[in-house]
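Peer 1: Put the complex together from the two separate chains, hints included.
Note that the protein sequences, when read in sequence, are chains A and B. Residues in the first sequence are numbered consecutively from 96, following the numbering used here. Residues in the second sequence are numbered consecutively from 11, following the numbering used here.
The set of hints was computed from the structure by calculation and includes no laboratory data. Glycine included, C-beta positions come from ideal geometry on N, C-alpha and C. Treat the hints with care, as some may be off.
Just the calculated beta-carbon pair ranges, DEER-fashion [stated by the list, open to error]: (1) A:Thr413 with B:Ser128: 27 to 33 Å; (2) B:Val77 with A:Asp116: 46 to 52 Å; (3) A:Asp420 with B:Pro125: 31 to 37 Å.
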Amino acid sequence: MSSTFTEINIRRIRNEFPTLDREVHGKDLIYLDNGATSQKPQAVIDRINKYYEEENANIHRGVHFLSQYSTEQYELARKKVQNFINAEKEEEIIFTSGTTDSINLVANTFGKKYFKEGSEVIISTMEHHSNIVPWQMICELTGASLKVIPITDSGELMMDEFKSMVNEKTAFISVTHVSNTLGTINPVKEIIDFAHERNIPVLLDGAQAVPHMRIDVQDLDADFYAFSAHKMYGPTGVGILYGKEKFLEDLPPYRGGGDMIKSVSFEKTVYNDLPHKFEAGTPNIAGGIGLGAAIDYMESLGLDKIANYENELLEYATPILSSIDGFNIIGEAQNKAAVISFLVDGTHPYDLGTLLDQMGIAIRTGHHCTEPLMNRFEIPGTARASFAFYNTTEEIDYLFESLNRAINMLR
Amino acid sequence: MNIAEIAEDIKDEFDMFDEWMDKYEHIISMGKELPIIEDKYRTEDYLVKGCQSQVWLSSEVVDGKIVFKADSDAVITKGIIALLVRVLSNHPASEIANADLAFIDEIGLKEHLSPNRSNGLVSMLKQMKMYAVAHLAQNN
Numbered sequence: 096m097s098s099t100f101t102e103i104n105i106r107r108i109r110n111e112f113p114t115l116d117r118e119v120h121g122k123d124l125i126y127l128d129n130g131a132t133s134q135k136p137q138a139v140i141d142r143i144n145k146y147y148e149e150e151n152a153n154i155h156r157g158v159h160f161l162s163q164y165s166t167e168q169y170e171l172a173r174k175k176v177q178n179f180i181n182a183e184k185e186e187e188i189i190f191t192s193g194t195t196d197s198i199n200l201v202a203n204t205f206g207k208k209y210f211k212e213g214s215e216v217i218i219s220t221m222e223h224h225s226n227i228v229p230w231q232m233i234c235e236l237t238g239a240s241l242k243v244i245p246i247t248d249s250g251e252l253m254m255d256e257f258k259s260m261v262n263e264k265t266a267f268i269s270v271t272h273v274s275n276t277l278g279t280i281n282p283v284k285e286i287i288d289f290a291h292e293r294n295i296p297v298l299l300d301g302a303q304a305v306p307h308m309r310i311d312v313q314d315l316d317a318d319f320y321a322f323s324a325h326k327m328y329g330p331t332g333v334g335i336l337y338g339k340e341k342f343l344e345d346l347p348p349y350r351g352g353g354d355m356i357k358s359v360s361f362e363k364t365v366y367n368d369l370p371h372k373f374e375a376g377t378p379n380i381a382g383g384i385g386l387g388a389a390i391d392y393m394e395s396l397g398l399d400k401i402a403n404y405e406n407e408l409l410e411y412a413t414p415i416l417s418s419i420d421g422f423n424i425i426g427e428a429q430n431k432a433a434v435i436s437f438l439v440d441g442t443h444p445y446d447l448g449t450l451l452d453q454m455g456i457a458i459r460t461g462h463h464c465t466e467p468l469m470n471r472f473e474i475p476g477t478a479r480a481s482f483a484f485y486n487t488t489e490e491i492d493y494l495f496e497s498l499n500r501a502i503n504m505l506r
Numbered sequence: 011m012n013i014a015e016i017a018e019d020i021k022d023e024f025d026m027f028d029e030w031m032d033k034y035e036h037i038i039s040m041g042k043e044l045p046i047i048e049d050k051y052r053t054e055d056y057l058v059k060g061c062q063s064q065v066w067l068s069s070e071v072v073d074g075k076i077v078f079k080a081d082s083d084a085v086i087t088k089g090i091i092a093l094l095v096r097v098l099s100n101h102p103a104s105e106i107a108n109a110d111l112a113f114i115d116e117i118g119l120k121e122h123l124s125p126n127r128s129n130g131l132v133s134m135l136k137q138m139k140m141y142a143v144a145h146l147a148q149n150n
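In isolation and in its complexed conformation, chain B is listed as follows (with noise of 0.2 Å):
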């Protein structure tokens, strides 16, 4: 599937969520469930520093393609995090550095991704493209 058709998924899942609640237990078992990074990513090199909590990101290219694992010590963060890297990662360069991630305004959760959260989520977004961009770059 392309980064497209994942979102659209995603917005099929939460489509089904009437409650606020069901929306942020699904959003909090994701965050549970995905031990997303292993610890040695978990140090001050691979820190996105967000003011209310912290994100931890690392990029490598496998087969052509841009993976992505991060983590965060908010389980909420973590959640939304699992979503963006299932989005984002293992696809082209091209395909993640032009990607529009609309679809998590369109599943109530804009507010995440607001700088004014200072959740490290911004910031993480805005590395995971310019790794892809970057990489396009040096390929060109």
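If we strip away everything but chain A, and leave its shape as in the complex, we get (with noise of 0.2 Å):
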């Protein structure tokens, strides 16, 4: 069997994306934003419809039947997504509305318990304002301090420099699996085995990974892993927080509400176990099940055929846009996901993007969430193309037309 997808693969996978079927301004769309959301499969759609159609019934607490049934199904998601990342027990998989709530509950739980003044929390130049500001925010309550690891121009973390960094200090560390921005994948098992050895616990940002390698949470040996679904092909509105058992049974709850409780009286409340203590008030349990339908999707075209398939897009793409006169790719690490941020000397990011999405091309323009990175750099912004497994060849090309097409326009 081939390790990647053939053309034929390709057609039948995008003919399951309603999303690509369609045209913008009278131009068939090429969706190169797969960094921002990607497109969803008819089988989560599906599955979203039944669930409303046929399923519709608050969970956790009813003796009736659709509510027994729709606790099983979204029970089962957590199983999917428990097997997926292979985390060692279904408890330490929280539901959360996305990676940035997922990120604001770890910061909010041990940063109150643990941080105290004069504790450093160590991130990285690269991380998205939503791997920032929720650290920012616990340290100025409780006194710690930010450490921010620099990063090379080509966009890899200078890791000798973070290890100067780590001392006594140090109570956490988060950072990015896979930069949205550059698409550097991190040397995460570096990291956080040399914060092991110092018995610093570790997060990793996986929201731009998850969708496009295998994660092993327990191979990676990472205390917390924070991803969304609507990145890997699932609905908006819901993440996950992976977190190992240890911590999750030590940390107090994030919000109170229902579900999260065992008891209730005014005098005292008694906590749910894991993984309930920290999903208080109805989830999004549609969102939940499609999360489960887009793993299984995602499965069924199996992880290592996407990112070898991804890969070959991002080798494709390279140079090819790099032979554009003036073409500049931000973030060029060696180890690197199908994502191209990049600058064409003499125009702006804006002008480019507005262009090219008058020729039916959707990528990302602006800053990215990442305005520290942007400013390590000196660029107010960049263009952004990032590719999904249903991308091709062909589409790339285009880009590349399309481009040319811009610049000669603008210059």
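Peer 2: This is the structure:
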């Protein structure tokens, strides 16, 4: 069996994504904004519809048939997530509203319990705002401070600097697995091993990693791993926080309300067991079940095939686009996901994005919620093409032609 | 010409373009041609921050009329600024405060004035109108 997709595979796969079939501005849509969110396969859309059409009931609290059934479906999705990232226990899978929510949960529980005046939290220069701001907020509250791992011009973490930054004050390390702007795949295992030798817990922001490669949280030995359903072909509004049981048991609840309690009286509330302790209120039931369908879909394609094919797209696109006069790639790490952030001499990313949009191409422009990273490179923003397994080399050819056309109009 | 008449003129100009490319080429050439703001205004004080592109805006009253000067680092944004300045600048405050900018929609550039676009244009327009309203209030 081939370890990548053939042309026939891709045609079949594309047919399973209804949005890819539409036109924008009278042109076939070329969707290259997968880093922002992915399109959804019919299987996911159907599964969510089926839930609302046939299964809808609130979960974890009913004696009646439908409540029981929807609870089973929702918990089955948790089991699928567990297997998908190879967590040891399903209690270690917490459903949240997204990666941002997952990181806020850890910052607000771990931070509140363990950070104190003088504590240090290490993040990196290439973090998304959602892995910066929650830490800043908790630092302000506790008197802890942020330390930032610098990066090289090619967009790689300076590991020696990182190692010299870690000391007895380091209370926590939170870094991205894959950079949304640069595509850099960070040496997270090395970071975790180094941190664990010093008993420092590590959270990985996996929002840009999970859609594109197989993740094994036990092999990584990550203490926390955060990601979103909507970037991995599932619905918006659902995220996951994986946490090692020993941490999740130890940490206080994040939000109070229904579902997260065992008993409530005005004198004392006893909190529920994991994972429910962290899941106050009625969750996004349809979203969780839809995420389960997205995982089934990705598994049916094969995660290794997805990774290999996307890497082929990156290797195809990089030299072609680089041949454009004045084309500069921001982020040229050795180990890189299928993301190309770029600037073209004499043009502004906003103008490029606007003209490409008129030609049917969806890319992202701006600072990509990584303003400190833009400041590091002293640029206002970039244009970014981010690929998924349903993209094709023909689309990359069209991107190349369209970019040339846009540049000609702008220069 | 008053604001409504200038807007009509611009609509006629844009009616000539059948192709999106011609329309954008026109906007780009307007953006390229006009050095609409002096360097002294391209500072933090005059910056209207957008997430996608940056806009600088200065406003002053000359002979009872409000004169706007504006600029952007993105040429399409700058081209649209040129249109907005052409329509709104050099008119009495009352006319600016009540100006109807439906022409932007009619020439098919509405998307550029969506807050979602975050290119600084929406904030710029708001500031232009606010300046006019504030000037009116001051003189009443």
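Peer 1: Each hint: holds or not?
Peer 2: Hints, one by one, checked against the model:
Our hint of 27 to 33 Å for Thr413 (chain A) and Ser128 (chain B) holds, since their Cβ atoms are close to 29 Å apart. In this structure the hint that Val77 (chain B) and Asp116 (chain A) lie 46 to 52 Å apart at CB holds, the actual value being about 50 Å. Here the CB-CB span from Asp420 (chain A) to Pro125 (chain B) is close to 35 Å, well matched to the stated 31 to 37 Å.
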